[in-house]
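Please arrange chain B on chain A, whose structure you already have, making use of the hints.
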Amino acid sequence: MTSRARAGFITLFLLPATTLYALFVVIPVVQAFAFSLYRWRGISANRTFIGLENFRQLLHDPLVWRALSHNLLLFVGTSVVILALSLALAHAVGAESPLARFLRAVYLFPQVISLVVVAILWMFILNPSFGILNATLKAVGLEEWAITWLGNRSTTLASIGVAHAWHALGFYIMLFAAALRIIPPDVMEAATLDGAVGLTRLRMVTLPMLWAVLRIALVYMAIGTMNIFSLVFLMTQGGPDRATEVMLTYLYEQAFKHSEFGYATALAVVNFVLVMALSGAILALFRHDPQEGRG
Amino acid sequence: MNEGMKAGRIMLIVTMLVAVAGVLVSCAKRSTTSAGKELEVACFKGGYGLDFFEQCAREYEQQHPGVKIKVWGNPRVWEQLRPRFVAGNPPDLTYPGWGMDHWALVYEGQVIPLDEYLDTPPYGKKEGKWRDTFEPSLLELCRYQGKTYMLPYFFSMLGWWYNKDLFEKNGWKPPRTWSELLALCEKIKAKGIAPITYQGIYPAYAVSGFLIPWVISAGGIEAFDNAQNLVPGAWKSPAFLKAAQMIDELRRRGYFQEGANGMDHTGAQMEFISGRAAMIPCGTWLHSEMRNVLPSNFRMGFFLPPVLDDGKGDPTAVGIGIEPWMVPTKGKNRELAIDFYKYMTSLEKAKQFVEQKGTLMSIRGSDQANFPEYLKEPVDVFRRAKTVWSVEYRQWYPKLGKEVEDATQALLAGNLTPQQFVERLERAAEATRQDKTIPKHTYTRGQAR
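Quick mapping for you: the protein sequence lines, in order, are chains A and B.
So that you can map any letter, position 211 of the first sequence is 219 in my numbering, and since no number is skipped, the others follow by simple counting.
So that you can map any letter, position 344 of the second sequence is 345 in my numbering, and since no number is skipped, the others follow by simple counting.
Just so you know, not all the hints are guaranteed correct.
[Stated by the list, open to error] Below are the EDC-like pairs computed for lysine to aspartate or glutamate, each with C-alpha atoms no more than 20 Å apart in a straight line:
| # | chain 1 | residue 1 | chain 2 | residue 2 |
| --- | --- | --- | --- | --- |
| 1 | B | 358 | B | 324 |
| 2 | B | 437 | A | 61 |
| 3 | B | 400 | A | 69 |
[Unchecked claim] Anything over 12 Å on all C-beta distances counts as not near chain A; from chain B, calculated:
| # | residue |
| --- | --- |
| 4 | 48 |
| 5 | 111 |
| 6 | 127 |
| 7 | 174 |
| 8 | 254 |
| 9 | 313 |
| 10 | 443 |
Simulated from the structure, these hints should not be mistaken for laboratory data.
Computed from a predicted model, the values in this text were never measured in an experiment.
Here a beta-carbon is modelled for each residue, glycine too, at the ideal position from N, C-alpha and C.
Okay, chain A solo, but in the shape it has when bound:
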């Protein structure tokens, strides 16, 4: 095959996917950038070009900053919890015991449940009247701990973080369990022979060997928490009094409740850039793979 024919052949195969991607991803994204420069109610074709006004307003909108801080808090909080738990559980599911077999059977359940169901489930668990959490707390004599988890501004965000982590955990267990299997057994044996066991082995051998996966996991976590919407929308509506407002619930409010589609689109653009920047920062920060340069 000549190189020209070959190129045509490849193009032919690339075309359907590229077309669909362009139509449904690239063009809308480009359009979004354009809409963010207008004042637009999103209900007729009328719109007024206002340049960067939406972005200027956004910088001075305290609620944007508050929402963003909630996203970042959720990212930091849940990624620590998820990393610790998923690493531990990834080890556990790799073992050979009845418990490990049980864990293997159930650890992906939360991940495959629809987010709507997850939200309802956690609303039941946290329900102040008949929820299992407060009932348990009362049963063990911790009555003063049995509070309104979702109606109290100091506990709502954490409650949502717990529900989010519970839902996301299975995915990361899967990721790390697979990565653990790839570590050559002889490396582990050698480490054991050298006396590296327990936490030392985790720190000196396992974690460095998992570096590339850890980095990707953190990027996924950043994307997941920056784009969190359904759980917040269903569990608290961003309340009480904005205590759980996040970027996308605020975006939804601006678009559908306030008919500020131009402003909402500007928020979407900013969120897009922030997710990219955060992911980039994580990749840069964890660029140095400790496995490399050891020789």
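Chain B alone, transformed into the frame defined by chain A:
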């Protein structure tokens, strides 16, 4: 491969993409042009379903051979209608539901003023005015700058519900005044039952169930009308402060159910139905909303929020809410849409709606229908009412509405003092007043009903 070939290949890909896009767009266009006497009616599918509207459509088709009416809808129909309006291809008649920003449709000229049609005879009549068949206080809510852009269908009343069996068993009576309320709450609390619960995650219920009724009781209906009309200082008037203090007092005395601030509407309403809470603020839709979980022997009663013993306001004042219908400017069959809606609002159909769906209707005389048991009290309350109010600022100024609701949530949680609360409301009202991009409304109260 040289650079020229690379560029050529990219050009080829781009050309093909454009061609494919063109084909898709032209397909989309072709499928939307359909002529003939066809009417598209897009409806919000709420607790009352679509079946009644569909039934009306079939009857109308029978009476008008050649007419085809397509009724469709779902619980989030407003999200689908937005792009249709933007594309200039809206349905002929629509009931877009509570999630639609109705006034934005008006500002953008997407729905027509209906006054010229309201002055024509009602369905099947030679004389009289269609306008006069509507409850006038409801039609008033549909006006902007002197024109009527929307039409009501059914309406809801706002008030409090009580658990009848629980009350009868204990010899309690629904409280009419603030002092009766405080005395009763103490008795209920002593029984280990929460006196009042509320839908904390959606604070709109607390606003229309506690705040506004007590503003009206403390300062008269003007106190609320002024606030809606953004009169400077109205949102921090003594009436608002008094109402906030009343909410705060109930909270401090522990008369609200613990945890209600974190409950959604179904959660709080379940607390009421299960007997763990004795009273709840809610609209007349409560029964149909909860019918799937309602025990068949559960009896609930409706009453107006208790008023101040020496209140300035009319103690019969009742809050109502409508979910309007409208005729899109770019609909293809305007006359037919109007005539079909005239049919739907004829007295006969209105009475049927009342009987089948168990709600009140905006058509005069429809209250002569056979109401279900749980609607008899609300109907009596409405007949006695000398003043009718409606939370309009929430639709007119969504940002102000949101801020009032957030502040109410904070007040109920004890995070704001009543004084801080009213100051926050006034700040939000001031921001709305100053914002030149927000079109302003004025509500002029008509003659006493």
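### Message
Confirm or reject: residue 48 of chain B is not an interface residue toward chain A, with every Cβ-Cβ distance exceeding 12 Å.
### Response
Label holds. Min Cβ-Cβ 19 Å, cutoff 12 Å.
### Message
Next pair to validate is residue 358 of chain B with residue 324 of chain B; report whether the Cα-Cα distance is within 20 Å.
### Response
holds (15 Å)
### Query
Regarding the pair residue 437 of chain B and residue 61 of chain A, is the alpha-carbon distance no greater than 20 Å?
Given pair residue 437 of chain B, residue 61 of chain A holds - Cα atoms ~15 Å apart, limit 20 Å.
### Message
Is the claim that residue 111 of chain B lies outside the interface with chain A correct, judged by CB distances over 12 Å?
### Response
Violated, because the least Cβ-Cβ distance between residue 111 of chain B and chain A comes to about 5 Å, which does not exceed 12 Å.
### Pair hint outcome, residue 400 of chain B versus residue 69 of chain A [Cα-Cα no greater than 20 Å]
Given that 20 Å is the threshold and the Cα spacing comes to 13 Å, the pair holds.
### Non-interface label on residue 127 of chain B, tested against every C-beta of chain A at 12 Å
holds (38 Å)
### Query
Checking the smallest CB distance to chain A, is residue 254 of chain B really beyond 12 Å?
The claim stands: residue 254 of chain B keeps its Cβ more than 12 Å from every Cβ of chain A (closest is about 17 Å).
### Task
Would you check whether the claim that residue 443 of chain B is not at the interface survives, using Cβ distances to chain A and the 12 Å cut-off?
Since the minimum Cβ distance to chain A is about 20 Å, residue 443 of chain B lies beyond 12 Å and the statement holds.
### Query
Are all beta-carbon distances from residue 174 of chain B to chain A longer than 12 Å?
holds (26 Å)
### Query
Per the stated criterion, does the least C-beta distance between residue 313 of chain B and chain A lie above 12 Å, as a non-interface residue requires?
About 30 Å separates residue 313 of chain B from the closest Cβ of chain A, which puts it past 12 Å; holds.
When each numbered hint is compared with the structure, a violation occurs for hint 5 only.
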